[in-house]
Amino acid sequence: MSVEMKRTKKSKEPLIRTVKRTELSGQKAVLLRIAALLAALVAGGIFILAIGYNPVLVYKTMISGAFRSKLAFQGTVKVLIPLLITSLGVTLAFKMKFWNIGAEGQLIMGAVFASYFALFHDTLPHWILMILMVLGGMLGGGLMGLLPAYFKSKFNTNETLFTLMLNYIALNFVVYLREGPWRDPNSPGYAKIARFSKNAQLDKVFGIHAGWIIAIVILIFVSIYLYVTKRGYEISVVGESQATAKYAGMNVKKIVLRTMFLSGGICGIAGMIEASGSAVTLTSGIAGGVGFTAIIVAWLGGLNPFYIFIVASLFSIMEKGSSVVESTFGLSGACADVLQGIILFFVLGCEFFVRYQFVTRKERGARA
Amino acid sequence: MADKRKENFAIECVGITKRFGSVLANDHIDLQVRNGEVLALLGENGSGKTTLMNMLSGIYHPDEGSIFVNGEEAVINSPTDASELGIGMIHQHFKLVDVFSAMENIVLGTKEKYEKPAVLEEKINAICDKFGLEIDARKKVYNMSVSEKQTVEILKVLYRGANVLILDEPTAVLTPQETEKLFRILRNMKAQGNAVIIITHKLNEVLEISDRVTILRKGQSIDTVETKDCDANQLTELMVGRPVSLEIERPIMDEVGTILSCKNVTIKKADGTIGVRNLNFDMKTGEILGVAGVAGSGQKELCEGIAGLLKAECGEIHYEGKNIVGKTPEEIINLGISMSFVPEDRLGMGLVASMGMVENMLLKTYKKGKGPFLVRKPARSLAEKLVKKLGIVTSSVDTPVRFMSGGNVQKVLLGREIESNPKVLITAYPVRGLDINSSYTIYDLLNEQKKKDVAVLYVGEDLDVLLELCDRILVLCHGEITGIVDAEETTKEEIGLMMTGESVKKEA
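Protein sequence lines, in the order shown, are assigned to chains V and A. Heads up: the first sequence runs through residues 1 to 368, numbered per the working numbering. Heads up: the second sequence runs through residues 1 to 508, numbered per the working numbering.
These are calculated hints, taken from the structure and not from any lab test. From a predicted model like this one, the values you see are computed outputs, not experimental measurements. For glycine and all other residues, C-beta sits at the position ideal for the given N, C-alpha and C. Don't take every hint at face value.
Said to hold, decoys possible - Pair by pair, the computed Cβ-Cβ distance ranges are:
no.	chain 1	residue 1	chain 2	residue 2	range
1	V	E179	A	K140	55 to 61 Å
2	A	T224	V	L344	52 to 58 Å
3	V	F67	A	H93	55 to 61 Å
4	A	E112	V	K253	50 to 56 Å
5	V	L344	A	S396	35 to 41 Å
6	V	I310	A	S396	25 to 31 Å
7	V	F358	A	G326	52 to 58 Å
What the hints assert, rightly or not - Straight-line Cα separation of at most 25 Å, SDA-like style, residue types lysine to any residue; simulated pairs:
no.	chain 1	residue 1	chain 2	residue 2
8	V	K95	A	V375
9	V	K254	A	T328
10	V	K198	V	P125
Chain V with its partners taken away, still in its complex shape:
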């Protein structure tokens, strides 16, 4: 038998262990996150010092870079618009616990559909063209969202992989269009798609393309949809437990399909705005990683539209500010990326401490 060696050893419990917290009050959780942000700034400051710059100055430039002039502010808002819309789009799916990692592809496909009208129907009256482009963007993104949802409900495929891979399909579809059917014959040198005519561009309101108005409308729409409509209620129930949803008589498949169409559709609108308002053409870089950043933004905002707006704004300030830092100090782009990475690391890392805490041997047990 294995138990010849009986012992009553006097060993000790581990020095540090993690203990699940009792739910933190909202205020404490906010304080913790602010502390994480400050810690991130300190750590980033050490990094800046190490490469030979003055951290206070760099940070100051970062903030002022995002706001110092009308142009800078407009630039920040331009970064914010697609990020906010896309984050709101994925939020619908995430609320339902449908892991939509395909916002990037949905955005691109929205841009493709919108570009079709911009390139081939730009003789239509401006308003009709704009509406068609928005609807097209929504349809393109929506279909990209619908596809994995259909396969998920039919064959229970893994939506994470499915949506992720669709991103690359969408991206390469744009490359195909650029090299082939949509290649601008008037462009010398390397292949590209033609610039949109003035008629197919979003109007400017207060110096920024009208995307910001669409973003506000979507922000309000998503808030209302999630919190006071029957469909929003269905999303929450399906997200919590599909068994419960079925038990309550809900048609889970229909809800999943409908929500994913909407989720992709909203991302597609962001694509339309980017193509028509920002790039004024369709390029393979049209999404530029926004679809992935949106996932982080949605989660940091706790899937709450208002918080998502705040988080997306902070991200945009950081993004715009670091590009100014880059040019002012002659820092390489990689350094700005490192700074962003450090900040993200701390902010995401603090979520662990919102849920867990460390207990040392001396304290013995989790005391409230």
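Got chain V sorted already, so can you dock chain A onto it with the hints?
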């Protein structure tokens, strides 16, 4: 019986305290168990029984207090430590590898696992003979009945040389006959000088098997008494903290009429295997029809089949004369058939854990109002009404239900179903994990429905309750009905035999 030797205790706990966050799960608990005795650990759900035993078996570490094994202070940091000290725990949920044989499961993690099967089998058989266990060492676990799996769990700890056995609610999954068998084994162990701790909240079992009882209430050890000086009422009073009547009312209704009848109904589980086969039974208004059976005998499929969540493969379910097979859950809800199923995790189905009472009230009715928007107002007043009527304890009707205690959650669930004025009410395990007082509130609620001429289907675990509460009892075994009996004329033993199906043929 326990002789009063002046020796050391097999296990002695002194001042054990354990906190989980702000919850004090164990508050300075003292407990002693001697060699050669069966100690029952009695307490309601959440009184800290399992937490305490998990500390003895090395799963948790106490925040304060000490554990003595045979008189020497011991620090138990892992299940391995516990096993080396001769402490073995049999958990409520079995921890076995399904595709392994009994033998492979037993030797798993020991040094002898590479020995020849013949040698191992002999060793295992030797242990079996010693304690009166029966097992086919080469049988795969997935072919085993619940009781056989439990035997493997017991062998696992005996093989490791345990002389202190802890069993966490071992009878919850057993038929009365299997329980009797288990008790014979435990008595054998006791006779050979082992210490046995059995966790349970079934009073009659405590009285039958134990020598002494330690009662826990709200994390404190209230008292330890000699079983022979005690009766069920005294134990209940110690457990609950005040005298409680153990009678369940059974009002007799004059007129009963069939409202729902199943004819040759076969329902498959989600994985395609047969859940229930060829069911034939009637549900009558003003009657509580009990459903008895070992866990997993088809209770879930029966409930979900009637509620329309699973579609009957063949057969017909007639409700007020019309076949409802093929209707969607929504249509069936609107017909007045209401189901509340309380699964093991209690929240899984029927309530949304992260939502408050108000939003949970909306679950089945949210579609009723016109337009795309939710109407929360009636739900709010319904929630407030339930809080008053059923004495639900919650900080507000918007507090997520996952913060509420089990009893209150179940009141919310059942209360909502009843408020929808159903004609057929299906409840599965409505008292699962509830304290005695809450259980009786639930029984009263069901009786109230019965008096309103509702046909109630009550799927239960405790045979004593089924016998007292229900008018008729339907017994399931492996998805088939092995009998429908009048509750007043049958006995626990008879139902027990029907629950095992085959033994009826042999012994009847």
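Results for each hint:
1. V:E179 to A:K140: 55 to 61 Å: 59 Å, holds
2. A:T224 to V:L344: 52 to 58 Å: 56 Å, holds
3. V:F67 to A:H93: 55 to 61 Å: 58 Å, holds
4. A:E112 to V:K253: 50 to 56 Å: 52 Å, holds
5. V:L344 to A:S396: 35 to 41 Å: The hint (35 to 41 Å, Cβ to Cβ) holds, given that V:L344 and A:S396 are roughly 36 Å apart.
6. V:I310 to A:S396: 25 to 31 Å: With Cβ atoms ~27 Å apart, the hint holds.
7. V:F358 to A:G326: 52 to 58 Å: 56 Å, holds
8. V:K95 to A:V375: Holds - the C-alpha atoms of A:V375 and V:K95 are around 21 Å apart, at most 25 Å.
9. V:K254 to A:T328: With a Cα-Cα distance of about 14 Å, the restraint between V:K254 and A:T328 holds, given a limit of 25 Å.
10. V:K198 to V:P125: 12 Å, holds
In summary, the structure agrees with every hint in the numbered list given earlier.
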